[in-house]
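Going down the list, the protein sequences come from chains A, B and C. Quick note: the first sequence, position 78, residue 77 per numbering that gives the first Met the number 0, numbers continuous. Quick note: the second sequence, position 28, residue 27 per numbering that gives the first Met the number 0, numbers continuous. Quick note: the third sequence, position 231, residue 230 per numbering that gives the first Met the number 0, numbers continuous.
Source of the hints: derived by calculation from the structure; they are not laboratory data. In this text the structure is predicted, and so the values were computed from the model without any measurement. Don't take every hint at face value.
Claimed, not checked - Capping the alpha-carbon separation at 25 Å, the derived lysine to aspartate or glutamate pairs in DMTMM-like fashion look like this:
| hint | chain 1 | residue 1 | chain 2 | residue 2 |
| --- | --- | --- | --- | --- |
| 1 | C | K105 | A | E182 |
| 2 | C | K105 | A | E140 |
| 3 | A | K163 | C | D6 |
| 4 | C | K25 | A | E184 |
| 5 | C | K187 | B | D6 |
| 6 | A | K105 | B | D173 |
| 7 | C | K163 | B | D6 |
| 8 | B | K4 | B | E101 |
| 9 | A | K163 | C | E100 |
| 10 | B | K4 | B | E49 |
| 11 | C | K112 | A | E184 |
| 12 | C | K89 | A | D166 |
| 13 | B | K187 | B | D212 |
| 14 | B | K187 | B | E49 |
| 15 | A | K187 | C | E23 |
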Amino acid sequence: MFEAKVDASMLRECIESITAIVDEGKLIIVEEGLKLRAVDPANVAMVSFELQSDAFDEFRFAAKETETEAEAEAESKAETEIGIGIDFVKLLAILGIGGKEEVELKLDERAQKMFTRMGSLAYTLSLLDPSSLRKEPKVPELEFPVQVIIEMEEFRRTIRAAEKIGDHILLGVDGEEFYMEAEGEMDKLRLGLQKEQLIHLTPGTVHSLYSLDYISAMSKGMSHAENITLNLGNDYPLQIEFEVAEGKGKVSYLLAPRIESE
Amino acid sequence: MFEAKVDASMLRECIESITAIVDEGKLIIVEEGLKLRAVDPANVAMVSFELQSDAFDEFRFAAKETETEAEAEAESKAETEIGIGIDFVKLLAILGIGGKEEVELKLDERAQKMFTRMGSLAYTLSLLDPSSLRKEPKVPELEFPVQVIIEMEEFRRTIRAAEKIGDHILLGVDGEEFYMEAEGEMDKLRLGLQKEQLIHLTPGTVHSLYSLDYISAMSKGMSHAENITLNLGNDYPLQIEFEVAEGKGKVSYLLAPRIESE
Amino acid sequence: MFEAKVDASMLRECIESITAIVDEGKLIIVEEGLKLRAVDPANVAMVSFELQSDAFDEFRFAAKETETEAEAEAESKAETEIGIGIDFVKLLAILGIGGKEEVELKLDERAQKMFTRMGSLAYTLSLLDPSSLRKEPKVPELEFPVQVIIEMEEFRRTIRAAEKIGDHILLGVDGEEFYMEAEGEMDKLRLGLQKEQLIHLTPGTVHSLYSLDYISAMSKGMSHAENITLNLGNDYPLQIEFEVAEGKGKVSYLLAPRIESE
Numbered sequence: 000m001f002e003a004k005v006d007a008s009m010l011r012e013c014i015e016s017i018t019a020i021v022d023e024g025k026l027i028i029v030e031e032g033l034k035l036r037a038v039d040p041a042n043v044a045m046v047s048f049e050l051q052s053d054a055f056d057e058f059r060f061a062a063k064e065t066e067t068e069a070e071a072e073a074e075s076k077a078e079t080e081i082g083i084g085i086d087f088v089k090l091l092a093i094l095g096i097g098g099k100e101e102v103e104l105k106l107d108e109r110a111q112k113m114f115t116r117m118g119s120l121a122y123t124l125s126l127l128d129p130s131s132l133r134k135e136p137k138v139p140e141l142e143f144p145v146q147v148i149i150e151m152e153e154f155r156r157t158i159r160a161a162e163k164i165g166d167h168i169l170l171g172v173d174g175e176e177f178y179m180e181a182e183g184e185m186d187k188l189r190l191g192l193q194k195e196q197l198i199h200l201t202p203g204t205v206h207s208l209y210s211l212d213y214i215s216a217m218s219k220g221m222s223h224a225e226n227i228t229l230n231l232g233n234d235y236p237l238q239i240e241f242e243v244a245e246g247k248g249k250v251s252y253l254l255a256p257r258i259e260s261e
Numbered sequence: 000m001f002e003a004k005v006d007a008s009m010l011r012e013c014i015e016s017i018t019a020i021v022d023e024g025k026l027i028i029v030e031e032g033l034k035l036r037a038v039d040p041a042n043v044a045m046v047s048f049e050l051q052s053d054a055f056d057e058f059r060f061a062a063k064e065t066e067t068e069a070e071a072e073a074e075s076k077a078e079t080e081i082g083i084g085i086d087f088v089k090l091l092a093i094l095g096i097g098g099k100e101e102v103e104l105k106l107d108e109r110a111q112k113m114f115t116r117m118g119s120l121a122y123t124l125s126l127l128d129p130s131s132l133r134k135e136p137k138v139p140e141l142e143f144p145v146q147v148i149i150e151m152e153e154f155r156r157t158i159r160a161a162e163k164i165g166d167h168i169l170l171g172v173d174g175e176e177f178y179m180e181a182e183g184e185m186d187k188l189r190l191g192l193q194k195e196q197l198i199h200l201t202p203g204t205v206h207s208l209y210s211l212d213y214i215s216a217m218s219k220g221m222s223h224a225e226n227i228t229l230n231l232g233n234d235y236p237l238q239i240e241f242e243v244a245e246g247k248g249k250v251s252y253l254l255a256p257r258i259e260s261e
Numbered sequence: 000m001f002e003a004k005v006d007a008s009m010l011r012e013c014i015e016s017i018t019a020i021v022d023e024g025k026l027i028i029v030e031e032g033l034k035l036r037a038v039d040p041a042n043v044a045m046v047s048f049e050l051q052s053d054a055f056d057e058f059r060f061a062a063k064e065t066e067t068e069a070e071a072e073a074e075s076k077a078e079t080e081i082g083i084g085i086d087f088v089k090l091l092a093i094l095g096i097g098g099k100e101e102v103e104l105k106l107d108e109r110a111q112k113m114f115t116r117m118g119s120l121a122y123t124l125s126l127l128d129p130s131s132l133r134k135e136p137k138v139p140e141l142e143f144p145v146q147v148i149i150e151m152e153e154f155r156r157t158i159r160a161a162e163k164i165g166d167h168i169l170l171g172v173d174g175e176e177f178y179m180e181a182e183g184e185m186d187k188l189r190l191g192l193q194k195e196q197l198i199h200l201t202p203g204t205v206h207s208l209y210s211l212d213y214i215s216a217m218s219k220g221m222s223h224a225e226n227i228t229l230n231l232g233n234d235y236p237l238q239i240e241f242e243v244a245e246g247k248g249k250v251s252y253l254l255a256p257r258i259e260s261e
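Put together the whole structure using the sequences plus the hints.
Here's what the structure looks like:
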């Protein structure tokens, strides 16, 4: 059993952080809230998403209705969660209609449908068969030597400029400077920020090259965040962490590096 | 003889209600104002339009100049109106330039031209040969068992949501509820409004299916209206009535139903 | 040596007045500021551009570093300027990112690169080989019998309306009236302004036909100007002059007439 009420624009912000990486995925509902972990079709990027139940105006969940205490005790841990396959792109399209109203969600597990209601408008979303979805990925064990916390606006602006130059972007830390670099056939773009221009920086010497397409998509997915945390290494995956739902949700993106050809 | 002055944005609103259904048509000028009745090329939708002469800042009309009273009396009723073929899409494009100014209209019946003037900008629109236009349709005699008056914004929002789901929309009344339903391959959208959420509702049990393309176009044509009146029946045409020009004009759309295949 | 600081949106306005005619060109830097003269690929339109050094927050220029006074005296006049090939479209794209900040420019003549910096964002623009650019055109000696000064907004509005009608526009003066006329297959658009509706008019009787594509592009290039000066003749080139950078820059467009076929 899952029933909830939530601010429509807050839910939209959350779904947008997911659709930046995947169109569909398996959403896990637990007592503490919602969770998702999914990789993109090319296996290059991963999104981990968590939203606390207190981000909702109402949140009622029960994994299974059990009659007796004995039964309840007998239940395995796996039964304390519900996993449902969601077409997030479709859900986002519908949420885009409703304005800033509250959305009601109500799961019909048997019929494999999610009822959503915004005011007088009801929308029944058929769930996807979880077996048809890509498997939930394992999060690799990673250690990042360097961490940078930067204003989202500065990051986004640089990504938008880089899109006009080339296909890749180099992210690095050199001493107490964080930099982003894009090279075109003839031109070169570089953002350089000293430690004092950042919210946080671990000094070091690392850099990695990433596909700009993925970073651009991520940049849209985190457009509501004020600050983002970049975890970096040398020719190493990039991890970007940021908050959604006024701090009651957390998103983490992981992106594989590109090998520099020269 | 026809000469008039009218607020440009008001005229634009009127023309937009016509171009939602047809690109061109025969506009009838009479002493009381303007009238038009036209069907779309596929014969599925009809628009009836009326604009009172007092919606104009100036409105001067004479069907034919007659020298003597005897002549005047001899004239048949048919000669008390002028019918002119107008390319409304072209006229709308030109009105879109002029801002919120006043437009002057002046008909040159002999040359088959309509002079329009917005400030210092003059535009001469060649009239279409009325014989090249589709014949003015007869309005079928219809009786609608049920009438619903709804806020335009609520209607428009539902139509926009339905566009993301499917190609058709079901409009119906069930008891004291008015509903709109669209079904996709897997999903379903439903707006349900109780009598007290509507401006008016005749209780009943009717429903009809309509092509969403037409309703979407109509929705654009009536985007300035605050409320719209829906006249409904069972597998029956839909009639939508609304006001333009601050109540000095009336528009009525008529749309043939689709037969439900299942 | 060339180094300068300038308001980003002011520089953008200047570059836009150039890209209305050409994508790339040879920018001349002298002690007094910047200059450019270029023709479009079809040899139909020309732009002359001048920006005073005092439009810049900082402007430092030296044509060549010389060691002795004797050497300095020996230098020919040609060496008191630097000519650099610029891809203005690319430069404009980058300036579009930076908001309303100040831009720093720094020329590296040896490496043939222009460094630009907006806040923490640095962009290195490779210069174009001047020998690959079209030759700087000679300005033909022209005498214009008639001059009209008109509000840009009135001009722009008429051009936008004319775009919906046809491919050409007639500009003329008839007595004390300035007019612009576009004819479509069936329709006709005409703007007529009397001397008292203009800022200035030399009475006369002239008219010339021009390609609307070029005038539309020019209209975008001068969109920040309040007034524009039109110099006109009979089947003669059109010269449009206007100010940029709050009067510290001057732009002049020259457009060849079309021969009227009928």
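*Where does the structure disagree with the numbered hints, that is, which hint numbers, in rising order?*
2 and 14
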